[in-house]
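Hey, can you work out the whole structure from these sequences and the hints?
Every letter in the sequence shown is one number past the one before it in the numbering used here, and letter 174, counting from 1, is 198.
Because the hints were derived from the structure by calculation, they are not lab data.
With beta-carbon atoms standing in for the labels, derived distance ranges: (1) ARG197 / GLY74: 21 to 31 Å; (2) SER257 / LYS230: 18 to 28 Å; (3) TYR355 / ILE205: 35 to 45 Å; (4) PHE218 / THR77: 54 to 64 Å; (5) GLU362 / ASP403: 28 to 38 Å; (6) GLU362 / SER257: 30 to 40 Å; (7) ASP67 / LEU374: 57 to 67 Å.
Because the structure is a prediction, the values reported are computed rather than measured.
Think of the CB as a built atom: it goes at the ideal place given N, C-alpha and C, for glycine as much as any other residue.
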Amino acid sequence: MENFINPNSSETLILTKNTFSVLLYNVIQHFKDKHAINARYKDSQLYGFGSYTSEKPNLKSDLEQILKGYVNGKYLYNKHRESQLGIPIIKISREYKLLFFNYLGYKDVYTFMESGFFNDAEKKEQLELLNKNSQKNDHYYVCYYFGEDNKMNKGQVFIYSEWKKIEMIYVYRDDAGHKGIYRFYGTIKQSEDFVFFDTKFYIEGKKSEGAKFIFFIGKSSPNERHYLIGTYSGFDKYDRAIAGKMILKKYNSKMEVEEEVNGENFDPILCQELNKNRMVVESSIRKNPLLFSEKSPFSQILLKTAGKYSFIFKFETLQYKLNLKIEKFHYNIISLNEDIIIENDKVSVLSKGQILNFDFSISGMFHLQKVSVYIKALDFTENKKEPKGNFNGVDINNNIVSGNVIIAAVD
Numbered sequence: 025m026e027n028f029i030n031p032n033s034s035e036t037l038i039l040t041k042n043t044f045s046v047l048l049y050n051v052i053q054h055f056k057d058k059h060a061i062n063a064r065y066k067d068s069q070l071y072g073f074g075s076y077t078s079e080k081p082n083l084k085s086d087l088e089q090i091l092k093g094y095v096n097g098k099y100l101y102n103k104h105r106e107s108q109l110g111i112p113i114i115k116i117s118r119e120y121k122l123l124f125f126n127y128l129g130y131k132d133v134y135t136f137m138e139s140g141f142f143n144d145a146e147k148k149e150q151l152e153l154l155n156k157n158s159q160k161n162d163h164y165y166v167c168y169y170f171g172e173d174n175k176m177n178k179g180q181v182f183i184y185s186e187w188k189k190i191e192m193i194y195v196y197r198d199d200a201g202h203k204g205i206y207r208f209y210g211t212i213k214q215s216e217d218f219v220f221f222d223t224k225f226y227i228e229g230k231k232s233e234g235a236k237f238i239f240f241i242g243k244s245s246p247n248e249r250h251y252l253i254g255t256y257s258g259f260d261k262y263d264r265a266i267a268g269k270m271i272l273k274k275y276n277s278k279m280e281v282e283e284e285v286n287g288e289n290f291d292p293i294l295c296q297e298l299n300k301n302r303m304v305v306e307s308s309i310r311k312n313p314l315l316f317s318e319k320s321p322f323s324q325i326l327l328k329t330a331g332k333y334s335f336i337f338k339f340e341t342l343q344y345k346l347n348l349k350i351e352k353f354h355y356n357i358i359s360l361n362e363d364i365i366i367e368n369d370k371v372s373v374l375s376k377g378q379i380l381n382f383d384f385s386i387s388g389m390f391h392l393q394k395v396s397v398y399i400k401a402l403d404f405t406e407n408k409k410e411p412k413g414n415f416n417g418v419d420i421n422n423n424i425v426s427g428n429v430i431i432a433a434v435d
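Structure, rendered in structure tokens:
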């Protein structure tokens, strides 16, 4: 069956960025040849919008003669801008979907694809796009993440061409309410149980590297999942290298996505998963590693925490003993009791190296379930016989408790 486009159809025409770029280039060349134009035209005069002179040649007037009706010059220019920004798929509204081709003497996009301007791979990509129902192949998500300025953020994510192309839009508002819009475009690859987004962005027509994303999809199709959970890495609006956790939630349409992103509320379930879940690497390069962060000068204190210890917790008239190991270099806190597991553990230095903090959760038969221990760093590192500190936490009955702790080294 011969391919053709029904001019009375209400559907938009879907073109790849490459097809549209070639089409627009030929339209402009035809326009300049027709009117013997050698000098560079201002965009407003070329496309026929804004403060253009209608008596001088412009595409708007030329195309109106073909269409036998009104042509929106700003619409033509906006499509040109979309192409410059690198949007992977350009959608031409139904009233204009034959106009550009007719202007060049072609019947429709199919005859234009046989013009010799395209190689086999480019033709295949465009024809596959035309032969699919684009609405059914597009998918709409909102991405949630803990972002700049220590706040939850939302972004728009649009999936095209059967999970092959992606468009992402982030909108930031400053204190005055002004919007800053960031657009990323890219390709999608699937491997094993994961889907990978590789994005780019465009500044003044130049393509630059954007963020990278990895989401777990399992053995099922990503279309079947209403939520995708994964990670991102890239840079933020302050030009710092960043990484963190991200959740994608599926919506039925672009309109629903825009409504959700424009809203100020966040699902508390998503917030508790994502809050503070972000790593930031400053953009400055330090010559001395002691300047890496405020904690760096006190790294030797951490190094001296490694060893095996008995933690004796005392509160009210009660006393409980827990044997723990702190790993050298890794600073993991490991239980030496077979029936107890230590989780969510962290060893850190506070107050400019004055205080050591051991923070961990306890799973198993022990009176305490969550503790945070504070002890003077010098008391601990100078090998006092039984340095003493304080702790607070939660007991097995979910009561908030606090008391003293004695830490003794064991062989």
